[in-house]
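Heads up: the sequence lines are chains A and B, in that order.
The working numbering puts the first residue of the first sequence at 1197, with every later residue one more than the last.
The working numbering puts the first residue of the second sequence at 41, with every later residue one more than the last.
Among the hints, a few may not be true.
With a cut-off of at most 30 Å between alpha-carbon atoms, the simulated DSSO-like pairs for lysine-lysine come out as follows [as the list claims (entries may be wrong)]:
1. B:Lys220 x B:Lys172
2. A:Lys1398 x B:Lys172
3. A:Lys1432 x B:Lys172
4. B:Lys129 x B:Lys318
5. B:Lys88 x B:Lys64
6. B:Lys88 x B:Lys129
7. B:Lys217 x B:Lys243
8. B:Lys64 x A:Lys1432
9. B:Lys220 x B:Lys64
Keep in mind that the hints were calculated from the coordinates and are not lab data.
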Amino acid sequence: MIDVNAYLGHFAFRRLRNNTANGLLRLMDQKRIEKAVVSSAAAITYRNAQAGNEEIVAETKGKQDRLLPFAVLNPAYSDWQHDLRVCQEEFGMRGVRLYPNWHGYKLSDGVSLEFVQAAAARRMVVSIPFRVEDRRQQSWLVDVPDVRLADAIALARAVPEAQFIFGNGSGFAGSVLPANCYVEISLLTAMISNEIGQLLQKIGEDRVLYGSGMPFHYADGAMLKLEVLDGAPAMKDKIARGNARRLLRL
Amino acid sequence: MQLTRRSVVTAMAASTALPAQSPKGPVIDAHNHLNYHTRATWADDDRKLIEAADKLGIEQLCCSILPPERPTTIEGFRNCNRWLAEAIKRFPGRVLGYCFVNPGYGQAALDEVRRYVEEHGFIGIKLYNDYKVTDPVVAPVLELAAKMRIPILQHAGHTTWLPSPQPNISDAGDLAKAAKRFPETMLICAHICGGGDWEWSIKALRDSPSVSFDTSGSNADEGTVELAVKTLGADRVLFACDLSMTASVGRLRGAQISESDRRKVFGENMQRILARRKA
């Protein structure tokens, strides 16, 4: 399995476990997860997100056959062009995660468009986690709403050459998603309302990805969704790893 | 594809090889819901819930039905309990009933509880957000539950700052206060993972031995079950889904707790609570 939604490091508002490279690899071994896309949890609240990327590249050194680092960058912060280049050329990062509501900009801002165009030119995947935490439990220090799906879709339409992962969210089956958008399943339902099933009917089986949100989340919930999902083993294999392999050029 | 419980458990065990598959003890969901009949798809949605339980190896679901309107009217809760009694017959052996009432109806609410427990075999009481559990209006219901040796499942949540759309929602701190005043009443605080700041809520119940916490909810945060077991003890933690089926089973499968604690949480604790009434 390839998990496209994993993290390393500390998060400002809650203790995470299994958040070192060795800890996450142990967890992945237990769950038989072959590879995971990881980014810095600390960079979500760092002003200068590049410091988090430097931590992640150091933490994953010698382990990047299994831990695939993504950058966290802020298009509204100075010098992002330099940081993006370093993340791709020197750190070997295959993608970048954006946190517009944590970093104080909008996906509809001109800087977001410019940033995504630059990432696409470097063939970096753009990952948008729609939430970090359930809003009901956020600290009294912050008030961060989920990313608006309409804003993410508009950005994806504006840069069709970019490849997007929409993750840590729900409600995707109710919208028309452009062909350059992949959806990660960690917070989608697989039973009763069965949003994953609806999504598969709508966008097909080639653009749905396994992800868990570990170590923020238990890995097992997302695994269970895949287990109980109605469908052929070949389809589940695409979600579990085939689609991620293609998208990440593994 | 319709699968039997046994075939699914076997298939799950053979699939991604998780360390904790199906527990070797009972699997009882302490908090779930069937649907109010004004919902056009209620029958289909009820069936889907039972099918989901089948697939996940959940043997019994302790359910209530809630009406859509607030505050709850007497007609509203009577409908809920009547329809639930019918559902218990429709899904024999699978659905156990919580009698839902609005305590503001006084004697009528108490009569409703007595009737559904004694005549229809309901196993407990469900309270929602019509009143906080600490409101004096709720006291007779708490006393009746103690007398009848049945649990009260209390809807609850604690957001640190977000204005609550439910002004009378109880939080774990309210349940702790109620437990001090009514120590003989078995209380279940609803949804660790669907009620806001779960760390606050678990800690608020540390010294309330008569209050259990159910693990249901859509929040997938790692560590919830472990903190609950560590803080409250495994005997006071109850597996539940509240319609979040895979997230809820997944967190119990993934929790880093002993297998004996996992068995307690998955069903032995609820079995013990149910046995109190019979005793």
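Taking the hints in turn, this is what the structure says about them:
no., hint, result
1, B:Lys220 x B:Lys172, "holds (15 Å)"
2, A:Lys1398 x B:Lys172, "violated (43 Å)"
3, A:Lys1432 x B:Lys172, "violated (46 Å)"
4, B:Lys129 x B:Lys318, "holds (20 Å)"
5, B:Lys88 x B:Lys64, "holds (25 Å)"
6, B:Lys88 x B:Lys129, "holds (17 Å)"
7, B:Lys217 x B:Lys243, "holds (14 Å)"
8, B:Lys64 x A:Lys1432, "holds (28 Å)"
9, B:Lys220 x B:Lys64, "violated (35 Å)"
Checked against the numbered hints given earlier, the structure breaks hints 2, 3 and 9 and satisfies all the rest.
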